[in-house]
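**Q** One-letter residues, chain by chain:
2 protein chains.
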Amino acid sequence: MPHPDESSIPALAIVGVGLIGGSIGLAAKKAGFARRVLGAGRQQKSLDDALAHGCIDEAFLDVKEAVRQANFVVFCTPVDRIIEQVVGLAPLCDSGTLFTDAGSTKSAIVAGIEGNLPPGVSFVGSHPLAGSEKRGPKFADGALFHERLTVVTPTPRTDPAAVEQVVAFWRRLGSRVRIMTPAEHDRALAMTSHLPHLLASALAGVLPESLRELTASGFRDTTRIASGEPELWTGIFLQNRPAVLEALDLLLVRLNAMRTAILAEDRTALDDLLTQAKRTRDALGS
Amino acid sequence: MPHPDESSIPALAIVGVGLIGGSIGLAAKKAGFARRVLGAGRQQKSLDDALAHGCIDEAFLDVKEAVRQANFVVFCTPVDRIIEQVVGLAPLCDSGTLFTDAGSTKSAIVAGIEGNLPPGVSFVGSHPLAGSEKRGPKFADGALFHERLTVVTPTPRTDPAAVEQVVAFWRRLGSRVRIMTPAEHDRALAMTSHLPHLLASALAGVLPESLRELTASGFRDTTRIASGEPELWTGIFLQNRPAVLEALDLLLVRLNAMRTAILAEDRTALDDLLTQAKRTRDALGS
Numbered sequence: 209m210p211h212p213d214e215s216s217i218p219a220l221a222i223v224g225v226g227l228i229g230g231s232i233g234l235a236a237k238k239a240g241f242a243r244r245v246l247g248a249g250r251q252q253k254s255l256d257d258a259l260a261h262g263c264i265d266e267a268f269l270d271v272k273e274a275v276r277q278a279n280f281v282v283f284c285t286p287v288d289r290i291i292e293q294v295v296g297l298a299p300l301c302d303s304g305t306l307f308t309d310a311g312s313t314k315s316a317i318v319a320g321i322e323g324n325l326p327p328g329v330s331f332v333g334s335h336p337l338a339g340s341e342k343r344g345p346k347f348a349d350g351a352l353f354h355e356r357l358t359v360v361t362p363t364p365r366t367d368p369a370a371v372e373q374v375v376a377f378w379r380r381l382g383s384r385v386r387i388m389t390p391a392e393h394d395r396a397l398a399m400t401s402h403l404p405h406l407l408a409s410a411l412a413g414v415l416p417e418s419l420r421e422l423t424a425s426g427f428r429d430t431t432r433i434a435s436g437e438p439e440l441w442t443g444i445f446l447q448n449r450p451a452v453l454e455a456l457d458l459l460l461v462r463l464n465a466m467r468t469a470i471l472a473e474d475r476t477a478l479d480d481l482l483t484q485a486k487r488t489r490d491a492l493g494s
Numbered sequence: 209m210p211h212p213d214e215s216s217i218p219a220l221a222i223v224g225v226g227l228i229g230g231s232i233g234l235a236a237k238k239a240g241f242a243r244r245v246l247g248a249g250r251q252q253k254s255l256d257d258a259l260a261h262g263c264i265d266e267a268f269l270d271v272k273e274a275v276r277q278a279n280f281v282v283f284c285t286p287v288d289r290i291i292e293q294v295v296g297l298a299p300l301c302d303s304g305t306l307f308t309d310a311g312s313t314k315s316a317i318v319a320g321i322e323g324n325l326p327p328g329v330s331f332v333g334s335h336p337l338a339g340s341e342k343r344g345p346k347f348a349d350g351a352l353f354h355e356r357l358t359v360v361t362p363t364p365r366t367d368p369a370a371v372e373q374v375v376a377f378w379r380r381l382g383s384r385v386r387i388m389t390p391a392e393h394d395r396a397l398a399m400t401s402h403l404p405h406l407l408a409s410a411l412a413g414v415l416p417e418s419l420r421e422l423t424a425s426g427f428r429d430t431t432r433i434a435s436g437e438p439e440l441w442t443g444i445f446l447q448n449r450p451a452v453l454e455a456l457d458l459l460l461v462r463l464n465a466m467r468t469a470i471l472a473e474d475r476t477a478l479d480d481l482l483t484q485a486k487r488t489r490d491a492l493g494s
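Residue numbers (our numbering), protein chains in the order written: chain G, 209 to 494; chain Z, 209 to 494.
FYI, nobody ran anything at the bench for these hints, they're computed from the structure.
Treat the hints with care, as some may be off.
In this list, chains with the same sequence are indistinguishable; a pair is considered to hold if it fits within one copy or across any two.
[Said to hold, decoys possible] Straight-line C-alpha distance at most 20 Å; calculated EDC-like pairs for lysine to aspartate or glutamate: (1) Lys342 x Asp429; (2) Lys342 x Asp490; (3) Lys346 x Asp429; (4) Lys342 x Asp367; (5) Lys346 x Asp490; (6) Lys237 x Asp479; (7) Lys342 x Asp479; (8) Lys253 x Asp265; (9) Lys342 x Asp256.
Please take these sequences and the hints and turn them into a complete structure.
**A** Following this line, the structure appears as structure tokens:
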């Protein structure tokens with residue numbers, strides 16, 4: 209039988225109760241390992257929605273108060289606010305408090321936090337690969353992390369016991385967990401998440417209004433994520449700048465190869481490029 | 209009350225009983241205006257599936273025989289085969305037979321057919337903006353055209369009575385209809401359909417196998433259509449070469465603007481680009 213201290217969290221605080229934060233609350237309450245789930249946010253409306261949807265037990269407009277009462281804190285705020293929040297709030301906490309996040313970039317966040325926390329307070333970077341272009345706790349889903357992957361990004365300086373607890377946390381929400389370095393995470397996600405967003409946005413951006421009626425499911429699928437919040441994505445692109453540019457340049461090489469094949473009416477080259485891409489896409493499943 | 213000759217088709221032939229052809233058959237049988245639905249194809253398996261799914265009443269491996277018996281023929285074959293098929297088969301038909309197609313490009317097809325048909329046989333180009341990356345009559349859906357748009361592309365040389373009948377045909381399948389010139393269609397679809405396919409394929413094509421596990425719904429949505437059949441898309445890209453290249457070059461300008469904003473850490477420019485694209489995407493609905 210697991211020790212109670214290992215198997216339950218007296219007070220879990222979620223800072224930022226949007227779709228991800230709300231889903232963490234729902235999943236934690238369903239799994240039953242958090243005795244209290246505290247939600248902190250800047251908008252009363254989001255907190256009210258999160259309470260109404262059963263994502264959290266208690267709502268706090270004062271994030272300091274929520275964090276002060278918590279043993280485990282998850283930051284689900286925009287990536288460019290996480291460093292400041294964690295470093296600013298950590299001194300208010302009891303020794304033994306554990307911090308993690310759900311940000312889509314990791315190198316800048318981990319580097320900005322490690323070494324800047326008081327003794328006894330730990331931070332471990334996390335990124336659950338789940339989400340949606342939708343926004344707000346009313347779209348929260350207690351099964352959002354089920355069978356999905358969460359990347360946890362310790363460094364040689366991260367407390368191994370804290371890493372274990374954070375890994376266990378995501379597993380209890382139903383997620384699989386993979387350990388990567390922050391830099392590995394950022395290069396991988398530049399390709400699998402940030403580049404798709406860039407492309408979807410570019411494509412939506414060049415559609416003239418007169419052609420909207422002529423779009424079908426292909427255009428809609430390909431551009432769906434362009435509905436994500438611009439300020440969140442500006443933060444992600446800028447925090448992961450080198451890896452995003454590297455991924456974009458790789459894509460531009462490929463687009464140029466396709467362009468050249470079309471221009472030269474090179475049926476074989478074009479067919480080869482399309483066939484290899486189809487093979488990769490088919491392997492991902494629906 | 210409509211004249212029986214106007215409101216029913218004694219024998220409708222569908223050449224190519226894949227997802228589109230099969231869906232046309234199902235929709236026509238549901239609407240009840242075709243007394244017989246004949247399906248022609250080169251693969252016995254597809255014909256068997258189409259019969260089993262109720263898409264067609266009779267199956268023909270010999271396309272000539274199906275077309276000879278038909279009053280109205282829809283070609284749902286790859287774009288680079290339609291000209292040859294229509295021009296080759298038209299001399300077998302009775303005067304008054306009407307041909308249309310469902311191809312994703314129109315200029316080359318219409319130009320290759322008009323002027324090359326025997327007297328009394330008409331062709332009107334069509335393109336129903338519906339479909340899927342899936343393939344085969346087992347995915348056919350009698351409601352596929354419901355509330356969707358079909359573009360019909362007459363030219364000054366097209367018989368106006370034939371245009372009316374083709375427009376009525378698509379409407380009876382549940383589709384809205386818009387008349388455009390072949391060139392207008394091709395420029396529009398280069399942007400709304402061919403360019404998304406090019407991008408989805410390029411993105412799927414640069415994903416290394418080691419990163420497949422790190423993809424989530426964003427990557428999957430953005431690349432979904434890359435599962436389309438390469439040979440179909442090679443034909444489309446080459447038949448609509450100038451318009452596809454023009455659309456791609458527009459996109460490259462936009463991607464380059466995003467690249468420059470990221471490189472320069474120009475938060476305002478990046479946010480403006482993302483915001484304008486989000487507005488467009490939000491306007492399309494889900």
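**Q** Return the numbers of the hints above that this structure violates; sort them in rising order.
**A** Numbers 3, 4, 6, in rising order.
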